Amino acid sequence: MTDPDLRDPNLDRAYRETPRDEPPSEVDERIRAAARRAVGTRPQSLEQQAADERRRSWTSRWRLPLSVAATVVIAATLTVMVQEEDRRPRDDSGRGAARMDTAPLKKAQPAAPAASSSDAAGDRLNQLPAAAPAQPSAPAPAPTAPPVQPSGRAVPKSAAEPVVPSPSIPPPQPKREERAFEAQRPAAAEPAPPAPAELEMRWQSTAPAAAPPPAAPAPPPAAAPAPPPALQSAPAPRPAAKATQEIAPAGAASGSLQRDRNLGDRPERASREASAVRSPEAWVEYIRSLRAQGRETEATAELAELRRAYPDFQLPADLAR
Amino acid sequence: MEPGRPDEELMLAYGAGDAAAFDALYARHKGAVLRYLRRQTGNTALAEELFQDVWLKLIDARAGYEPRAKFTTWLFTIAHNRLMDHFRSSARGALVSYEDDPAEDVATDLPRPDQTAERRETAAQLLAAIDALPAAQREAFVLQQEGELSVEEIATATGVNRETAKSRLRYAMTKLRATLREPERT
Numbered sequence: 001m002t003d004p005d006l007r008d009p010n011l012d013r014a015y016r017e018t019p020r021d022e023p024p025s026e027v028d029e030r031i032r033a034a035a036r037r038a039v040g041t042r043p044q045s046l047e048q049q050a051a052d053e054r055r056r057s058w059t060s061r062w063r064l065p066l067s068v069a070a071t072v073v074i075a076a077t078l079t080v081m082v083q084e085e086d087r088r089p090r091d092d093s094g095r096g097a098a099r100m101d102t103a104p105l106k107k108a109q110p111a112a113p114a115a116s117s118s119d120a121a122g123d124r125l126n127q128l129p130a131a132a133p134a135q136p137s138a139p140a141p142a143p144t145a146p147p148v149q150p151s152g153r154a155v156p157k158s159a160a161e162p163v164v165p166s167p168s169i170p171p172p173q174p175k176r177e178e179r180a181f182e183a184q185r186p187a188a189a190e191p192a193p194p195a196p197a198e199l200e201m202r203w204q205s206t207a208p209a210a211a212p213p214p215a216a217p218a219p220p221p222a223a224a225p226a227p228p229p230a231l232q233s234a235p236a237p238r239p240a241a242k243a244t245q246e247i248a249p250a251g252a253a254s255g256s257l258q259r260d261r262n263l264g265d266r267p268e269r270a271s272r273e274a275s276a277v278r279s280p281e282a283w284v285e286y287i288r289s290l291r292a293q294g295r296e297t298e299a300t301a302e303l304a305e306l307r308r309a310y311p312d313f314q315l316p317a318d319l320a321r
Numbered sequence: 001m002e003p004g005r006p007d008e009e010l011m012l013a014y015g016a017g018d019a020a021a022f023d024a025l026y027a028r029h030k031g032a033v034l035r036y037l038r039r040q041t042g043n044t045a046l047a048e049e050l051f052q053d054v055w056l057k058l059i060d061a062r063a064g065y066e067p068r069a070k071f072t073t074w075l076f077t078i079a080h081n082r083l084m085d086h087f088r089s090s091a092r093g094a095l096v097s098y099e100d101d102p103a104e105d106v107a108t109d110l111p112r113p114d115q116t117a118e119r120r121e122t123a124a125q126l127l128a129a130i131d132a133l134p135a136a137q138r139e140a141f142v143l144q145q146e147g148e149l150s151v152e153e154i155a156t157a158t159g160v161n162r163e164t165a166k167s168r169l170r171y172a173m174t175k176l177r178a179t180l181r182e183p184e185r186t
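Taken in order, these protein sequences are the chains called A and B. Take the first sequence: its position 30, counting from 1, is numbered 30 in my numbering, and each next residue is one higher. Take the second sequence: its position 147, counting from 1, is numbered 147 in my numbering, and each next residue is one higher.
A hint or two may mislead.
To be verified - Covered by chain A, according to a simulated footprint, are these stretches of chain B (three or more residues, beta-carbon under 8 angstroms):
1. 14-25
2. 38-51
3. 55-62
4. 75-83
5. 121-129
6. 160-171
To be clear, the hints were calculated from the coordinates, so they are not data collected in a lab. Bear in mind the structure is a predicted one, so any value in this text is a computation, not a measurement. C-beta atoms are modelled at their ideal positions from N, C-alpha and C, and glycine is treated no differently.
The shape of chain A in the complex, shown without the other chains (with noise of 0.2 angstroms):
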């Protein structure tokens, strides 16, 4: 492939006599150590080469599945927790809507005997911190709209609408963790004031010593067992139990609401409890307030209930008259 006329031996001889010129030793260290942090100081076979780069492929490979497989995860779990929060409330507020609907209609039957279910809603909202008691001066809030089921559908008349107060009983004010539950209620959705029954097992069980309400006594606590079943199954507003959730401590109102699931299953059960729950000395108070009112037929009443309740509770000396 080479001429050889390209190739003088003399020239290659008087060529190779020529000075050798080597670059400096220092520009040879600065070659030889660029070369070497090229490379890393550890020389690497390329055994070793090849293994690094199955292993940089590898996860390379698996790096973005794996991200969204866990993105996945995790916002299923998510959502499912959310949804079974989202369920939890519901299930308990339609109980406590029910309860809250069918009070006024036990309100006209004669008192049942001291166990009754408003007690064990009394036991639930012993977890509520001692409020102000209800103070009955507004005048009853006339329902604008029929409540809303979860749902958004409109309860049915017949069911949801509340039964308005007998006059002669002013509805009690919601309290006030209801004031501020109200306000944050939509107007449309306004449902049925609290019975007056529940307010008062409120009032019970928040302030057994206390003075009565000084405008209007809130009235007996009535009997209110367990509501038939077509209104039981009723659902009702859902911010109705959010209220009451609201206004109990996290862990009170997870047992509560354990508790009131108890008792709508087993109403003797729930009646058991509750008069287990009403001491007589808070009983003997509210007869005496009563009294102090002039409502001498609802004392009396009181009075005998408490008698069949506790019959070995002595009375004090101005009740045992």
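Put chain B on the given structure of chain A with help from the hints.
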């Protein structure tokens, strides 16, 4: 030093991370590259600067190296390209155009034999004659001497066809032979 291993294998080993392979390659070829640059620029400091650039380019290109040609061909291609970049950006840009070589009248530009001090200084005269060669012819000759490149490899390294490379080499050798003969005649 790794005397038994071919250049191409050493370069592949360096691309795989073997720094010692680079040291061996560098030791083998550093002088040839520097002398090539020194002959082409005529300036030692500039040659050293370009010399560093050439080896840094080789370091950067290690991962993409494929032994499709002789290693020295690839190395001197890098050196040639760096040299051309320098000429383009400098006042000697005209030298980039090797096509303008005044090939036939070079003999008149060669130093006269009587300009050399002593016959013992033949080597120095040769160097002077090399320096007096047109850049393209000089490059072809130096690549043949320093890089041990064939005509084809010179053509590859300098980016010309084989005939052009051959012609340049032939002209260069003719003139240099004449330079070497002159002192003998005188």
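So, going through the hints one by one against the coordinates:
1. For the segment 14-25 of chain B, the stated coverage by chain A holds: 8 residues have a C-beta nearer than 8 angstroms to a C-beta of that chain, and at least 3 were required.
2. With 4 residues having a beta carbon nearer than 8 angstroms to a beta carbon of chain A, the segment 38-51 of chain B meets the requirement of three or more and the stated coverage holds.
3. Residues of the segment 55-62 of chain B lying with their CB closer than 8 angstroms to a CB of chain A number 5, which satisfies the three-residue condition for coverage.
4. Coverage of the segment 75-83 of chain B by chain A is violated in this model, with 0 residues showing a Cβ closer than 8 angstroms to a Cβ of that chain against a need of three.
5. Against chain A, the segment 121-129 of chain B contributes 5 residues with a C-beta closer than 8 angstroms to a partner C-beta. That satisfies the three-residue criterion, and the hint holds.
6. Counting residues of the segment 160-171 of chain B whose CB lies closer than 8 angstroms to any CB of chain A gives 3, so the stated coverage by that chain holds, three being the minimum.
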